[in-house]
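Residue numbers (the working numbering), protein chains in the order written: chain P, 1 to 666; chain B, 1 to 666.
There is no bait here: all hints are sound.
The list treats identical chains as one, so a pair stands whether inside a single copy or across any two.
Derived DSS-like pairs: lysine-lysine, alpha-carbon spacing no greater than 27 Å straight-line:
hint: 1; residue 1: Lys487; residue 2: Lys601
hint: 2; residue 1: Lys487; residue 2: Lys458
hint: 3; residue 1: Lys666; residue 2: Lys487
hint: 4; residue 1: Lys353; residue 2: Lys149
hint: 5; residue 1: Lys11; residue 2: Lys35
hint: 6; residue 1: Lys14; residue 2: Lys35
hint: 7; residue 1: Lys337; residue 2: Lys273
hint: 8; residue 1: Lys23; residue 2: Lys132
hint: 9; residue 1: Lys35; residue 2: Lys132
hint: 10; residue 1: Lys35; residue 2: Lys23
hint: 11; residue 1: Lys337; residue 2: Lys262
hint: 12; residue 1: Lys35; residue 2: Lys13
If you are wondering where the hints come from, they were derived from the structure by calculation, not from laboratory data.
2 protein chains.
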Amino acid sequence: MILDRIEQLLKSKKGNLNYSIPKEWLPEGYSGTVKLRDRYIFVDPYEYGSSIVERITALAEKDTDYSRPLGRIRNESGNSWINSAIIYGSFVRTTTAYSHHDPEFFSDLDSQEYSESGTFLKMIFMLPFLSKMGFDTLYFLPVTSYSDKFKKGELGSPYSVKDFFSIDKRYHDVLLEDMDVEEEFTAFVEAAHVMGMRVVLDFIPRTSARDSALILKHPEWFYWIDASRLDEYRPPKIEPLGFDQAKVETLPIIYSNENVKKHLSLFSHSPAKLYPEKWRDFVASHDGTESFLDELVSEFGLVTPPGFSDWINDNQPTWDDITFLRLYKDHPTESRKFVSEDQPPYVLFDVVKSSFFPGSEPMADLWESIENIMPFYNERFGVDGARLDMGHALPRELELRIIRKAKERDPSFAIIAEELVMGNDEKARQSGYDCILGNTWWMEPRIDEGKFKELVYKVLPSLRLPTLAGIETPDTPRAASRPNGRKFSRFATILNYFLPNGITYINSGQEVFEIQPMNLGLDNDEEGRYVLPPNDPFYGKLAFFDPYVLHWNAEEDMIDLISLLSSLRKSNFDLLSAGNLKLMWGNDLKSAGLFYWNGTKGLLTVANGDFSSMKDFHIDLGYHTWKSEHKVSWRLKGFDAHSEWNVGGDFHLSLGPGEVAVAEIK
Amino acid sequence: MILDRIEQLLKSKKGNLNYSIPKEWLPEGYSGTVKLRDRYIFVDPYEYGSSIVERITALAEKDTDYSRPLGRIRNESGNSWINSAIIYGSFVRTTTAYSHHDPEFFSDLDSQEYSESGTFLKMIFMLPFLSKMGFDTLYFLPVTSYSDKFKKGELGSPYSVKDFFSIDKRYHDVLLEDMDVEEEFTAFVEAAHVMGMRVVLDFIPRTSARDSALILKHPEWFYWIDASRLDEYRPPKIEPLGFDQAKVETLPIIYSNENVKKHLSLFSHSPAKLYPEKWRDFVASHDGTESFLDELVSEFGLVTPPGFSDWINDNQPTWDDITFLRLYKDHPTESRKFVSEDQPPYVLFDVVKSSFFPGSEPMADLWESIENIMPFYNERFGVDGARLDMGHALPRELELRIIRKAKERDPSFAIIAEELVMGNDEKARQSGYDCILGNTWWMEPRIDEGKFKELVYKVLPSLRLPTLAGIETPDTPRAASRPNGRKFSRFATILNYFLPNGITYINSGQEVFEIQPMNLGLDNDEEGRYVLPPNDPFYGKLAFFDPYVLHWNAEEDMIDLISLLSSLRKSNFDLLSAGNLKLMWGNDLKSAGLFYWNGTKGLLTVANGDFSSMKDFHIDLGYHTWKSEHKVSWRLKGFDAHSEWNVGGDFHLSLGPGEVAVAEIK
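Given the sequences, and given the hints that come with them, work out the whole structure.
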């Protein structure tokens, strides 16, 4: 294992007690020297690191190649593991960022002797912590190389992908000297697999960084505009239409619009097509260089255009750090008649939505590349699953080919659809996805509007494909920043472990009640950016675009709660099917009772979603079980966990505001 | 302050990271280097110690002499502080014992480079921990010099007092080099006072070690028997009488008994009286030596006799490590006629119970010495209060003089009566005591027999002197070893913070759910000695007689709970009077509702003493408050502490087995 090499390397060195780590990262029963300063912990990074790696390698079975996908290590013939998964969603750059040199004073990341931004090595350091909380799946935002060009904050976004076949070198840890980041990622996957955790990655096949590394080899995969007119470039306003997507019947309106005509005039053919020889020279002289776009602009007067929303008259500004990939050699079939014969390839609301407006001639080699992304990571690094970004915006054929190809290679590979609409469950299922992202994070906080109740009682039980069940995602506000704060976060976190057709999803930081969002993409606005106190070093910072460190060393957290919930979910997962579900108190919008009963045992979850009043519940188990005596073993309630006692067919239970009680029933 | 000297001394030295401390002793926000090994912590004792002492001295006000009693520092004119006290009861030898060299391997205490048995310095180390839990009073078992002679286990008992005016040298800590133990005790008292904690000591005026240091100076203060007949010495069996105490009417039976006659024949006059010159020589040649008894026996053929119970026909063996002090120069007045003129001073059931059977001529200089014990510790060391051991067995006059004298000197001095009978409250009050020990530890576990309910509803509200409210004492079984274990301990610990006329008492070790008793004196039997697993190094060990280390590094504890309870008691103490108390649910033996209400605010405690069933309580606050709306602020309950919400005049509340809920009410 590469992991063994890391263990040896760390063991061979001795450092100083000046590497601070969050207290949460110090495993229980850790052996080693630590220096304490107020609430901060300092270790010798080599001692600390080698001790953790040693813990992990000690668990490895001999002769097992842990760099293979876990499903293949275990000879699994399917991917049902995703249904019972407990997922920790993380952006490695952020989750493992820490001011190791001085946890109180945040200076530019990586300006110190230690890697302060996220690295795979530090993700290994965190595995005992994540394992203790019971996670069995780690989902990462893209780890592929990303661009700094046209960045929106101090750092580039992980969605501004330079090359989907290369891992970003910035995840290398200086503690590992000249080790290669791909080896480090492999070692991380090995370590996760040794600990029984799967690794799922986010992939972005629809867009790319505007200075994508692929430009030099495949300029025809990109759209091009006149660089001198870049400032004129914006999604054209189409006044006669409202806020809508492009439709066949509105194409005449769109294409006859003057703004659209002006927009189309900005586009150009690729520099390779216009100046084949000059391009050959340019490529030859820039082979292997990372920053070539400025020179390309000055030599050819062309540039890749920013992306924008596929909604007409959307107020969003252009997405300056990405550009669309050109999926067809020709214009959309439906739109072809509206543009002139010599119109160069262009970006417009219809083109972007290529699932509805395909062309007739696919960019075959690009499609092949895209299809190979997941198999590549599965084969090369043992990655166990993927989220497909904007899969629904891809040509249907390409989407299906991507999914099919990934599963052909590894039947245990699972794919999460970026599908927020619960009603598209069946469509996603037919496409071959294994679950959808869903919108639990949107419905759960809307208790007073009845959305919470609708979610639990109607939407989830009838889903035909499971959904992630999470109260926050990298795009949404943090649960602890919603009304009722930590109380609400705890409420929703508990529920998301026991929902029918729900796959538990915890967003990194949620366990320490982080309130700063990572991005403002969903259910948020610019105000939501400023939830920290103004003197906080990360006030207004977004993980997607800025240096951002979670507020570790938390005085209050959900770590033990999450551990308990994970063990409860695991030991009762056989019960958690919609078929076993009996629901109680349908009329009260603010409270929910979920009782799973399989004829011999059950799991009861009672939630008081009223955050200002106590509620008295009359629980009639006997109505569902036909029994007049039950053994009730409360696992989550004011009194001790594991207290078991007998109750009759029905009994009273009072819950405080926002309280959720969970019991095993026999 | 001597404390400053200790700070300087510790600061001036550098040690190694090989001094283990329980994790509980590491203060929050500690700054310093620690070595972790599994669940154990190692520090440099000098860095650790100086850091703690520095924390404490930083709190001291300039120009305040903290070696004075806290009441005098604060100019208090009375001792009402004892009523609201939150007491941590501790035996310093035990509470601060730890295998510093290797917490997993307990070897003979003090055989290592560190003081492994208890020391005052380590008691200072524990102050931040005790302060965090909210204790304001530290009660110690005797710290006076104790004897190893005739010891019952591996160590001498603290009740085998060699000299009530000297502090046992074994409480010296080797970290302090050649510092004197009396200075160390002074420094400890200073530190406690700086942190706002009072120090209360246990004193033993009725008995003494059989090789008491006072023998050389005052041989007439002791009883003497023929050393060659020591093996015949035992409490004489008096068959015609049952298990009873001596009474005037049974004296003829007692003294005519053959066993008693034989018993009386064992006694002798003191060696000083029999051999005045030889005694002078012996004293001269043994002045200042500690172990002289063996030589005394061989030279004079005399020895001090063991003690025994004042109950006739008690099955208890003789108390070999102590002897009674001779409080009168003559025999008991009532008994005189039954013994011959030349009968030497003797010990018998009547003599021992000198409160009922006084002589006519007090041993005046002994009485004076005894009266001076508390004033001495108050004056010399700033001790704030005392428990008087077996005060009720002293001649009434002496008992009153002891109490009067202590309070004359320091009106803030408080005295706890060793009175277990609640009905003797008024008598103790009239004697001048400030509270009694009481028997909450006996009544609280007897829930099914109705004793718990009787205690809370009848006994306590009508007390005329407060009682300690504790679920364990150094003599009783540990709460966590009672039926329902930790659940019961938690139940009783919470209640003891909110009982009318109750002074909260926590027995050292209770906070970490210790199960091994310290002694078997009360409500226990020989079986109660063997509650630990047989492979535990302290299996069968009793703190009174053996090396004994608490089971620190606990995985579960009540530390945070106790902190919360202490702050609740403090902020609501004005409410906790019997006059404000409304009791609810008088008929149900196993549950209790205590509602204190002063007309504007209240404190509600609801306890389900049934450890196998959940209970649904109907709480009618309005009946007591005449209000139809209340703000209920739960401070202890399944849901978040500090959640406040409105309830009507009455509401339902369900509690799990053994659960106690506490709320502030407005």
